[in-house]
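Please take these sequences and the hints and turn them into a complete structure.
Chains as they are written, first to last, in this note's numbering: chain A, 1246 to 1551; chain B, 1246 to 1551; chain C, 1246 to 1551; chain D, 1246 to 1551.
Be a bit skeptical, because a hint or two may be false.
Each pair may be met inside one copy or between any two copies, as identical chains are not told apart.
Stated by the list, open to error - With a Cα cut of at most 30 Å, we get these calculated DSS-like pairs of lysine-lysine:
(1) K1547 <-> K1495
(2) K1530 <-> K1321
(3) K1496 <-> K1437
(4) K1495 <-> K1539
(5) K1280 <-> K1383
(6) K1267 <-> K1405
(7) K1547 <-> K1536
(8) K1386 <-> K1417
(9) K1406 <-> K1267
(10) K1507 <-> K1410
(11) K1437 <-> K1405
(12) K1267 <-> K1495
(13) K1536 <-> K1507
(14) K1417 <-> K1536
(15) K1539 <-> K1276
(16) K1417 <-> K1283
(17) K1383 <-> K1524
(18) K1386 <-> K1437
(19) K1386 <-> K1530
(20) K1417 <-> K1547
(21) K1422 <-> K1437
Keep in mind the hints are simulated off the structure, nothing from the lab.
Values in this document were obtained by computation on a predicted structure and should not be read as measured data.
4 protein chains.
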Amino acid sequence: MKKNQKIQKEIDSVSKNKFLTKRVVAPKLEKVLYKSFKALDHGFVRVIDYMGNDSSIVQAARVSYGKGTKQLNQDKSLINYLLSHRHSTPFEMNEIKFHVKLPIFVARQWIRHRTANVNEYSARYSILENEFYIPNPKELKPQSKTNNQGRSGDLDENEKKMYMKVLRENSKDSFEKYNFLLNQDDDEVNHKRQGLTRELSRIVLPLNSYTQWYWKIDLHNFMHFLALRFDEHAQYEIRVYAEIMINIMKKWVPLTYEAFLKNRLDSLVLSSEAIEFIKNKLHGKSNKETKISKREIDELKKIFSF
Amino acid sequence: MKKNQKIQKEIDSVSKNKFLTKRVVAPKLEKVLYKSFKALDHGFVRVIDYMGNDSSIVQAARVSYGKGTKQLNQDKSLINYLLSHRHSTPFEMNEIKFHVKLPIFVARQWIRHRTANVNEYSARYSILENEFYIPNPKELKPQSKTNNQGRSGDLDENEKKMYMKVLRENSKDSFEKYNFLLNQDDDEVNHKRQGLTRELSRIVLPLNSYTQWYWKIDLHNFMHFLALRFDEHAQYEIRVYAEIMINIMKKWVPLTYEAFLKNRLDSLVLSSEAIEFIKNKLHGKSNKETKISKREIDELKKIFSF
Amino acid sequence: MKKNQKIQKEIDSVSKNKFLTKRVVAPKLEKVLYKSFKALDHGFVRVIDYMGNDSSIVQAARVSYGKGTKQLNQDKSLINYLLSHRHSTPFEMNEIKFHVKLPIFVARQWIRHRTANVNEYSARYSILENEFYIPNPKELKPQSKTNNQGRSGDLDENEKKMYMKVLRENSKDSFEKYNFLLNQDDDEVNHKRQGLTRELSRIVLPLNSYTQWYWKIDLHNFMHFLALRFDEHAQYEIRVYAEIMINIMKKWVPLTYEAFLKNRLDSLVLSSEAIEFIKNKLHGKSNKETKISKREIDELKKIFSF
Amino acid sequence: MKKNQKIQKEIDSVSKNKFLTKRVVAPKLEKVLYKSFKALDHGFVRVIDYMGNDSSIVQAARVSYGKGTKQLNQDKSLINYLLSHRHSTPFEMNEIKFHVKLPIFVARQWIRHRTANVNEYSARYSILENEFYIPNPKELKPQSKTNNQGRSGDLDENEKKMYMKVLRENSKDSFEKYNFLLNQDDDEVNHKRQGLTRELSRIVLPLNSYTQWYWKIDLHNFMHFLALRFDEHAQYEIRVYAEIMINIMKKWVPLTYEAFLKNRLDSLVLSSEAIEFIKNKLHGKSNKETKISKREIDELKKIFSF
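Written out as structure tokens, the structure is:
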């Protein structure tokens, strides 16, 4: 606890200072720099540092094209062009660094994005705190019948109560065992035993324990992360973080954010078979002979409301 | 259990077959292909596929140099030269793919090597088995006094017994809760309740639960992984895996293995201050004015026995 | 020249041998292993090694899902699912290694794909041969009026002749100067001068000089490379290589190849505005208020023929 | 020319402005931000943006260790510890972005560092300027007798004159041909011919043509780049750039710079055989039986002066 407070204090002291810089700035992001956005029950996301803004992307692209400065409208249109044509390198020129506190099972999904840089709190060096992710009861759902990796439908209230109780007890029990192994339960008078090393004591902790890390990523890979982790197939608990970060992205690079929604988050990839299918629809032709899968037709129906 | 057995069966059926190939082969590695090497109590390492052998490294280097084939002796000496001069690209031309079963806390250290490719068993899709890493009692040690991230010294037998009991109970309790949440405890007749979705049920599982993955890496990055994870500062449980894999490396690329021991595993980096220190020693001069740290002197004393 | 011939001989000698392996094989690819496919006037592409086939992708995916073997039909459908849902990790489990000879200006575009491994012939170590890319006259075209980075339209025959002459002369002149600097023009009797170092002599060589390299990439990144470099916006000279490699991909992983055409090469990304536009079309509504760009409408018109 | 001037003007206008930021700053680097450091005859290096300073590295490391702020001395010592123990992740938390103008043959070596981000001026879009790297006569040397990839020794003055003439002529001739192909030689009255497309015209340009790019890299990989490119085996022309950048690094992260010199640039790796050799030397024992190579002994002799 004390250690976290120290880190917090240090960050706060920094965040009061302002410095002069010749670097480009992102004014709306500056306003929330170091600010902690709450996520789940004990987690948070905060921006620690960043490099570049929308204009840096435009400038990097224009080195390639050998062109000079243009008006805002043209910047917007260039960014849209770059994103829709998958010119990724100009977006790699911007970086953002977060401090994130998150449950370990979320961290295990998150870390699969290998193009980021990470410094994680080490439970070999330090002792974890008594903080566990306990889902909000409304998030407790049964296994989805159709989606092998998701949840949907409802549990009844008794079931929810039972499950909440199990989740809470498991966290409490595990943490007591962790403390016992470490020999940290100080009230036990006169005991003389030695504790077990930290790197082994921690193995009793459950996957809903909280960890924290510094996480830095460039804008291109950040958008890839957001697209995958804000997707409806992503687990709810990581989507909570993705949503916060999308809002942070909006403050950082508003033009890119807009292009990202239009060309990525809210876009649709049509397979060659789906193209044929839509083409037939448009021309009033039959789709009897198209080889498109039922799954893809269902998706098209939903999106185009036919 | 059934699923694991299926995968095993499938692998075994493949491993009986032999095919003709024009690709280069690594004869000693072929002999242990698909073979499972036991690690810790329930884990294993097995090689699933590989690409290249020592000759591929030599061949890649010689494209750069525009030189033709040489004798074995020259191959050995070229590989030694490449490794000692940190010419990494020829070693990147070889790949190896493993199937590994390992505790989650080990997987969390392992995954930090971002230059590998991974497919992990997903507890969102599938149910984890009742398998937990329970350390051998002789591995239970107190926190090291000098090494903030290690263990050293001894616990007394009573302490060990207590701690073993806690580790076992925690695993057992957590797995029962996991099963209860999933509603998998089938003997409970007539119950009608719905289970909790897999992606949330799993969060009660402790960090000593076993997971498994396919893990593929090129030889250059593999050596980097081995150097870090076979190091004495690495946690014992991951060193067990690194040791098995070093032996596999020996079967795969024996010349590179030898050069790797000589120039990496058993090598020493001298700082500019340590160079000065050794130079003075060799010339019988005083080291009073060298700025070398006490920590580095101690290390030099140990290695050079003075 | 001699050096190249040596490398060729060495490869040929290897390619006659066949070995027994327990690894999975790609039978159609084995047939063309080491075979040189001609590209442009002096270039080539040949496969030197590979790891995995379609079944390796399926197997890697099934580790994640914890599922056993399925029939071919299900493999095909799983691969299609993985590709269309951008599950990239199973495709990263396969690797392919090429030996490529290509003009330097093509190599400069190619190398921008950073996720591959490369060993290039070094003109600091060795002397480049008298081989330059001289375009086929039918490829000589004026700058495109609409595409800032392309060619289109026609030159007249006189212009072509002039330009061919300039291209040929420049190559010849530069190579003579290169040889003069290196002091390689042996017929000049009795001269005593020293040549200039190779690493400086080469700087007179033009961008249409040929170089060669070993290039290794995983299947996921290979598809990304192919999608970008087979695109109509890519320069003709690199597209020639991409086309050869797409045909090689077909021999290596036929099921993935099919899914790649359907979901990537011949697919279409609709922006949120294009979705709205098509939806209106399908429902007979006006598109007056959609904010879609003229450029995107033109693209849709072409694809859907309205 | 006009385009370059435009870019320059734009950068200058930015560089006059100062903004308030809550981010950490590197005061000495701020002073030279956007400033162009001349390299070779027409090249330059300038810093366009950066993220983090020495304190960011310390902060990232302390997240791992869960420790609070320390004094400067301790920061210095921590950075030294991190660097000497190859803890690379805290250094990955800082980024720097350069605008570099450099000859194409240098760019071809530079780009092999795949861990950086690049946006290069495209000769498909734009026309290259009449700027070529012409070495200073004192850099003209013969091929080294001992180093297959280097130069050493001296040419006589007549040879130098001849070679300078060839280098200048080749650049001039090629540029004239480039202009002719593009049909840019405007003084030729009344001509009606069409030029050849830019993407083909450029292939007559030699490897000493200048290109430019934006190049961004994290501090860990930057140090790797500097260690390789400032090495005496690197080609002189790229070492000129590395030297400028090492001085920039000193302004950016002075504590890391110091640790980098001590533990990397001026360090020495001893193989297991070299350790044995030195140990015998220190204890006055014979080295007859050590298997150390002559090359390594020679290196040790030079460094330890025995």
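Outcome of the hint check:
In this assembly of identical chains, the alpha carbons of K1547 and K1495 lie at most 30 Å apart only when taken from the same copy (28 Å versus 34 Å across copies). Taking CA atoms no more than 30 Å apart as the test, K1530 paired with K1321 passes between copies only; the shortest distance there is 28 Å, against 39 Å inside one copy. Proximity of K1496 and K1437 under a CA criterion of 30 Å is satisfied in neither setting, with 55 Å inside one chain copy and 49 Å between copies. Taking CA atoms no more than 30 Å apart as the test, K1495 paired with K1539 passes between copies only; the shortest distance there is 26 Å, against 37 Å inside one copy.
In the homo-oligomer, the alpha carbons of K1280 and K1383 lie at most 30 Å apart inside one protomer (28 Å), although the nearest pairing across protomers, at 47 Å, exceeds that limit. In this homomeric assembly, K1267 and K1405 never come within 30 Å of each other (Cα to Cα): the closest approach is 55 Å inside a single copy and 45 Å across copies. For a Cα distance limit of 30 Å, the shortest separation of K1547 from K1536 qualifies both inside one copy, at 19 Å, and across copies, at 22 Å. For the homomeric pair K1386 and K1417, the shortest alpha-carbon distances inside one copy (22 Å) and between copies (25 Å) are both at most 30 Å.
For a Cα distance limit of 30 Å, the shortest separation of K1406 from K1267 qualifies neither inside one copy, at 57 Å, nor across copies, at 46 Å. Taking identical chains as interchangeable, the C-alpha atoms of K1507 and K1410 are never at most 30 Å apart, the minima being 43 Å within one chain and 49 Å between chains. In the homo-oligomer, the alpha carbons of K1437 and K1405 lie at most 30 Å apart only across protomers (14 Å), although the nearest pairing inside one protomer, at 42 Å, exceeds that limit. For the identical chains of this complex, K1267 and K1495 are neighbours both inside a copy (23 Å) and across copies (19 Å), given an alpha-carbon limit of 30 Å.
When the C-alpha separation of K1536 and K1507 is checked against a cutoff of 30 Å, the pair qualifies both within a copy, at 29 Å, and between copies, at 11 Å. Taking the shortest Cα distances, K1417 and K1536 never come within 30 Å of each other, neither inside one copy (54 Å) nor across copies (50 Å). For the identical chains of this complex, K1539 and K1276 are neighbours neither inside a copy (49 Å) nor across copies (37 Å), given an alpha-carbon limit of 30 Å. Taking the closest pair of Cα atoms, K1417 and K1283 come within 30 Å of each other only inside a single copy of the chain (23 Å); across copies the shortest separation is 34 Å, beyond that limit.
Taking the shortest Cα distances, K1383 and K1524 never come within 30 Å of each other, neither inside one copy (43 Å) nor across copies (35 Å). For the identical chains of this complex, K1386 and K1437 are inter-copy neighbours only, at 15 Å across copies versus 46 Å inside a copy, given an alpha-carbon limit of 30 Å. With identical chains, the CA atoms of K1386 and K1530 are never at most 30 Å apart, being 43 Å at best within one copy and 40 Å at best between copies. In this assembly of identical chains, K1417 and K1547 lie within 30 Å of each other by CA distance neither inside one copy nor across copies; the values are 45 Å within and 46 Å between.
Only within a single protomer do K1422 and K1437 lie at most 30 Å apart by alpha-carbon distance; the minimum there is 18 Å, versus 33 Å between protomers.
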